[in-house]
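S.K.: Below, each chain spelled out in residue letters.
Number of protein chains: 2
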Amino acid sequence: MYLQELKNSHKLIKPFIHNTPVFTSNLLNQISDAQVFFKCENFQRMGAFKIRGATNAILKLSEKQKSKGVVTHSSGNFAQAVSLAAYNLGVKAYIVMPSNAPKVKKEAVKEYGGIVIECPSTLKDRETTATQIEQEKGAVFLHPSNNLDVILGQGTAAIELLEDHSDLEYIFTPVGGGGLIAGTALAANLYGNNCKIIGGEPYEVNDAYRSLLSGKIETNKTTQTIADGLKTQLGDINFPIIQKYVTKIICVEEQEIITAMRLIWERMKIIIEPSSAVAFAALLKEKEQFKDKKIGIIISGGNVDLKNLPF
Amino acid sequence: MYLQELKNSHKLIKPFIHNTPVFTSNLLNQISDAQVFFKCENFQRMGAFKIRGATNAILKLSEKQKSKGVVTHSSGNFAQAVSLAAYNLGVKAYIVMPSNAPKVKKEAVKEYGGIVIECPSTLKDRETTATQIEQEKGAVFLHPSNNLDVILGQGTAAIELLEDHSDLEYIFTPVGGGGLIAGTALAANLYGNNCKIIGGEPYEVNDAYRSLLSGKIETNKTTQTIADGLKTQLGDINFPIIQKYVTKIICVEEQEIITAMRLIWERMKIIIEPSSAVAFAALLKEKEQFKDKKIGIIISGGNVDLKNLPF
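Going line by line, the protein sequences match chains D and L. With the first letter of the first sequence counted as 1, position 74 gets the number 74 in the numbering used here; the numbers rise by one all the way through. With the first letter of the second sequence counted as 1, position 272 gets the number 272 in the numbering used here; the numbers rise by one all the way through.
Chain D with its partners taken away, still in its complex shape (with noise of 0.2 Å):
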């Protein structure tokens, strides 16, 4: 299933988007005992894998839905893929942002165009918000990850990948509401060559690891962690699919995450955000068990404050 719709999503997408480059290193091999190739999505459009899934989104919409423009909610990549793709396509974007995302992220989202609207943190105020917003100004609410065209569009990502090193065995992503890996998942199914998923989750917000445990969505009480694009929780439309399709979900420990963050960055000399590391930490994390194997990681974003490093 969704064979020929993860075609079309990456035909329709491909003007808007960068092919982003995959990087190894040997000294990563080396302290990973694996064969690992990094797909590189800090370098992607507005820093992030999250423009995939929002051109596609909006690219599906009609022309009548177009006009009225598009909204979302999201504490931080998300929002600017909006803004930029719905920029780039001509359409209104407006952006629904806890007040206390970090500036940079508010400011990158006002450069691309979005509108954004302050709320308080917690998931229900931002949703109470995005729904006003729909139901004044005509716009199309669009999930970050709970939403089939999103996960399509960030399943992109993994295609290019294995049109690239089809002989992959693994490839790990960070899970956070659900989207990468759900559309991971599906592009390794139809693309891959028996190649399995693994997510990577913080301790801290791991509630995917449970619900794959327990079979429901289940949700994080507190969401204490460096990580602050994994903050959220899996949807109806995802979590079928990494029920189906993914093998495991390691959780990491901050430190772990902050480790793996560093190395990431003296090493291979990229910038990642700490969201972005938690899959080389999950893979460091039970790395007896994927030695000497060829290891693909999605490197899912690059915003981060340089003023407030963990480091």
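Accuracy of the hints is not assured; some may be wrong.
Copies of the same chain look alike in the list, so a pair counts if it works inside one copy or between any two.
Said to hold, decoys possible - Derived lysine-lysine pairs resembling DSS-like cross-links, with alpha carbons at most 30 Å apart: (1) K291 - K216; (2) K293 - K110; (3) K294 - K64; (4) K287 - K110; (5) K287 - K106; (6) K293 - K92; (7) K103 - K307; (8) K110 - K291; (9) K106 - K307; (10) K103 - K287; (11) K294 - K14; (12) K14 - K124.
These are calculated hints, taken from the structure and not from any lab test. Only a predicted model underlies this, so the values are computations on that prediction, with no experimental measurement involved.
With the hints as your guide, set chain L onto chain D.
M.R.: Then chain L, alone, in the frame of chain D:
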């Protein structure tokens, strides 16, 4: 002159270096009002272009010379470069380093198999200590910048850049000891299509700028710059090349270096060291002159201590 030597050097060192990628950024093009092609030597092996010159210089030694090892003094990148180049070629490397060099740089030298010998931080102390090792061990001294084989090796980064973008009108490099800019100037003269060379230099250590004005090699009385790779002075081998082939040197303030560095970190998501930002800072400083031009910039390296960042 030097065409054959440059070609040979490139051919010789190719198996030991990366042909580093060339990055572009729409946002940085907008900010600089030019079309800029960044040759990313921060992704070079050991994190800087200096592996090119070090490898070339060691490859040119006789077997007898190689058996006794090499010695150099360096505040940083060249130390790592000689260590790794020597290790790759089975040669012993004695590295004289100022005791106040960043810890991360000393550790990197040891990781690459170099033998660290610490000394006080003045140029004179470093030279005396290196001469001592030369005499005691019979090791060949490799100057970081005033050695023709080193200069030719450094020039290979510009060869690759011009192979990919033959229509560059300018190439900017930082100016420290003069090895990179001299090699780049030779390469641009031989491989470019009327491609001019511009240097960027911190005001605080603008010995090269003053040397071009006075017609003789000037020194720095103080070296209070964040661009710690650019404190050294020109030499009698690279200065004549620079006089002949470099169009001009643009001096930049410390804050301009930090701003340029931060722009590259934030916008391109790559880690560069302060010395490496000086060339882009120079372009920004006089951007009116270079409006809409096609410009290559050598990002010279990415070795930074993440615990000690200027922002």
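S.K.: Would you mind marking each hint as holding or not holding in the structure?
M.R.: A quick look at each hint next to the structure:
1. K291 - K216: For K291 and K216, the Cα distance exceeds 30 Å both inside one copy (32 Å) and across copies (58 Å).
2. K293 - K110: Classified as between: cross-chain Cα gap 29 Å, same-chain 43 Å, threshold 30 Å.
3. K294 - K64: Cα proximity of K294 and K64: none, with 46 Å in one copy and 42 Å across.
4. K287 - K110: between (41 Å within a copy, 26 Å between copies)
5. K287 - K106: This pair counts as between: shortest inter-copy Cα distance 29 Å, intra-copy 37 Å.
6. K293 - K92: Neither. Shortest intra-copy (45 Å) and inter-copy (34 Å) distances fail the 30 Å Cα cut-off.
7. K103 - K307: Intra 11 Å, inter 22 Å, cutoff 30 Å: intra and inter.
8. K110 - K291: Between copies, since 27 Å is at most 30 Å while 45 Å is not.
9. K106 - K307: Both ways: K106 and K307 sit 15 Å apart in one copy and 26 Å across, limit 30 Å.
10. K103 - K287: For K103 and K287, only the inter-copy Cα distance (29 Å) is at most 30 Å; the intra-copy one is 36 Å.
11. K294 - K14: both (26 Å within a copy, 26 Å between copies)
12. K14 - K124: Classified as neither: same-chain Cα gap 34 Å, cross-chain 57 Å, threshold 30 Å.
Of the numbered hints given earlier, the model fails hints 1, 3, 6, 12; all others are met.
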